[in-house]
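Novice: The residues making up each chain are set out below.
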Amino acid sequence: MSTTSTLRPPTEHAEPPPKRIGFGGRLSRWDLRLSPYLYISPFFILFFVTGLFPLVYTGWVAVHDWDLIMGQGEFVGAKNFTDVLGGRDFWNALVNTFSIFVLSSVPQVLAAITIAALLDANLRAKTFWRMGVLLPYVVAPVAVALIFSNLFADKFGLINTLLGAVGIDPIGWHSQRLPSHVAIATMVNFRWTGYNALIFLAAMQAIPRDLYEQASVDGAGKVRQFFSVTVPLLRPTIIFIVITSTIGGLQIFDEVRLYDQFGRGGADGQWQTLTILLYEQGWTRSNFGRASAIAVLLFLIIGVIGLINYFITRLIATSEVKR
Amino acid sequence: MSTVTPAPGPLPVAPDAPVSGRSAPRRHASYADRPGWLVYGLLGAVILGGLFPLWWSFLIASHDSTILSREAFPIVPGGNFVKNAATVIDTVPFWRATWNSILVSTVVSASVVFFATLAGYAFAKLRFRGRGPLLVFVIATMAVPTQLGVVPLFQVMAKLGWTGELVAVIVPGLVTAFGVFWMTQYLSQAIPDELIEAARVDGCSMIRTFWHVGLVAARPAAAMLGLFTFVATWTNFFWPFIVLGPQDPTLPVALQQLQAAHFVDYSLVLAGALLATVPLLILFVVAGRHLVSGIMQGAVKQ
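For the protein sequence lines, the chains are U and E, in the order given. Residues 1 to 323 in full-length UniProt numbering are what the first sequence lists, from first letter to last. Residues 1 to 302 in full-length UniProt numbering are what the second sequence lists, from first letter to last.
Think of the hints as simulated: they come from the structure by calculation, not from any bench. Every value quoted in this text rests on a predicted model; they were computed, and no experiment measured them. For each residue, glycine too, the CB sits at the ideal point set by N, CA and C. A portion of the hints provided could be inaccurate.
[Unchecked claim] Here are some chain U residues pointing at chain E (derived, C-beta under 7 angstroms):
hint, residue
1, Ser-35
2, Phe-43
3, Leu-55
4, Phe-128
5, Leu-135
6, Ile-147
7, Ile-247
8, Phe-299
9, Leu-300
[Unchecked claim] Sample of chain U residues lacking proximity to chain E, with all beta carbon distances greater than 12 angstroms (derived):
hint, residue
10, Phe-44
11, Asp-83
12, Leu-134
13, Gly-269
[As the list claims (entries may be wrong)] Here are the simulated DSBU-like pairs of lysine-lysine, each with C-alpha atoms no more than 30 angstroms apart in a straight line:
hint, chain 1, residue 1, chain 2, residue 2
14, U, Lys-155, E, Lys-83
15, E, Lys-83, U, Lys-79
16, U, Lys-79, U, Lys-155
All chains should be modelled from the sequences, with the hints used to inform the complete structure.
Specialist: As structure tokens, then:
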């Protein structure tokens with residue numbers, strides 16, 4: 001650490017005139033008192049302007065007639081909300097979003113925990129394996145979407161060709177609803193599984209090894225140890241990963257937008273998600289009021305799920321204390 | 001829009017967790033408990049599974065698209081990759097987009113690191129009124145999807161005349177709540193209070209103390225935060241797509257244009273996807289081990 005320079009007394013200490021000490025003392029008192037606020041202010045100012053204010057203002061836009069070009073119109077109250085909730089698109093997009101979210105988070109958590117268990121073994125060249133599973137994380141979602149859209153192409157796609165080779169009829173990855181969700185979820189899983197595996201790995205390494213020794217004295221095999229020791233102790237981590245993937249998953253946009261060249265979520269909205277709908281209402285149909293109403297609703301949904309997650313966490317935490 | 005993608009976060013684990021995984025003496029490294037070939041085989045399969053989509057897109061990108069519609073399976077790479085890449089570079093403003101991505105990601109990561117270290121140092125090491133509630137506020141905002149403020153944020157940018165300009169992508173990324181939290185966590189352990197007191201007693205002003213003690217101690221965590229921010233900014237699509245015009249895009253936005261222009265010509269589309277991935281792959285090869293240890297560390301810290 002090269003902090004030694006700060007320990008050297010500053011040169012002006014050589015001959016301190018008494019008056020300047022009084023002034024310097026007052027200055028340094030102000031320095032002491034104000035500096036902390038000065039240091040945290042860039043974050044708060046920028047965050048209020050670019051994060052919090054837009055978020056709050058969304059609520060204001062949502063209760064107005066608001067056009068992309070014309071700007072603010074008259075106050076319409078809940079009309080944007082009733083329009084959104086009364087139409088078919090919102091519910092369709094909501095179901096799609098949840099379907100893609102469940103298809104991506106459940107297999108992802110299972111795969112990540114398995115990969116973490118493999119990485120937790122006493123491997124040679126640990127860093128190589130850890131880097132290897134993280135590699136997909138640096139591929140941009142947009143590139144992932146283009147690549148997987150090709151792999152899952154309806155006519156000449158690799159997946160359908162392989163399915164054909166084992167005698168299965170081609171699947172309409174870009175025309176049918178559930179298959180399109182599976183394909184999009186695969187992109188999300190591709191990018192995030194290795195990342196989550198490393199988070200699980202970190203938590204696994206924090207588990208005291210004596211527990212495994214005890215379990216093995218009690219006659220538990222590797223698999224039994226995994227389910228009776230590792231998984232229960234990982235519960236907080238599992239919940240954490242579910243929360244973060246919920247926040248990300250409910251806002252999914254990139255993968256969906258580039259799944260086909262039109263970017264509207266399918267000819268019949270088979271894979272249209274809430275953020276795609278938000279974009280379409282706001283920027284294609286230039287109805288900012290309705291787009292904001294969708295944003296507010298999405299925000300509420302994320303909030304409710306966050307609360308549910310929080311209470312589940314509390315429940316598990318307290319039940320662990322009781323034991 | 002403070003967070004562009006889910007960043008590595010804190011999670012609750014056993015309080016007596018060893019922070020550094022490498023030097024922890026818990027494994028009594030007896031070579032008898034080395035795993036068998038099955039574990040290596042499965043991990044190898046996982047890595048191949050991660051590489052395959054990239055390899056596949058290279059196969060397609062190195063062929064002429066007319067061949068592809070006749071036979072679906074190119075097993076060996078063709079010789080057309082350079083030609084396809086050249087077409088991509090002609091079709092979309094590729095160099096411009098690459099330069100924009102480098103610029104945006106660099107400025108954003110430098111700013112996030114600096115302001116997060118500054119705020120993190122204040123939260124970790126300085127005593128001031130309102131410190132507790134303000135820190136709680138920072139942590140609470142990490143769970144708030146600020147992405148959903150896109151409509152007003154777009155209006156703000158339009159009012160400022162920034163739509164279509166890179167500054168509209170840079171400014172909302174300048175700070176992140178996660179960064180502040182990450183540096184607070186790190187600095188509260190990394191700097192002994194005595195060091196700061198010593199510097200103060202010696203007559204250092206607050207800012208000099210920060211500069212010579214805080215910033216120096218923060219370097220390892222700052223490097224990781226910078227790396228994560230860089231990757232997240234580089235791969236971000238939603239906001240740049242909304243606010244940037246077609247003339248002056250970032251790479252992901254340029255890729256999107258490519259698909260809109262060439263939706264059937266997968267050779268070109270995938271050549272573009274690969275070209276856009278190369279810079280981050282290089283970064284990954286150079287700094288991947290830090291990225292890995294960053295995730296591991298971020299996960300264990302409370």
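Novice: Please name the hints from earlier in the document that this structure breaks, with their numbers sorted from lowest to highest.
Specialist: Failing hints, ascending: 4, 9, 10, 12, 15 and 16.
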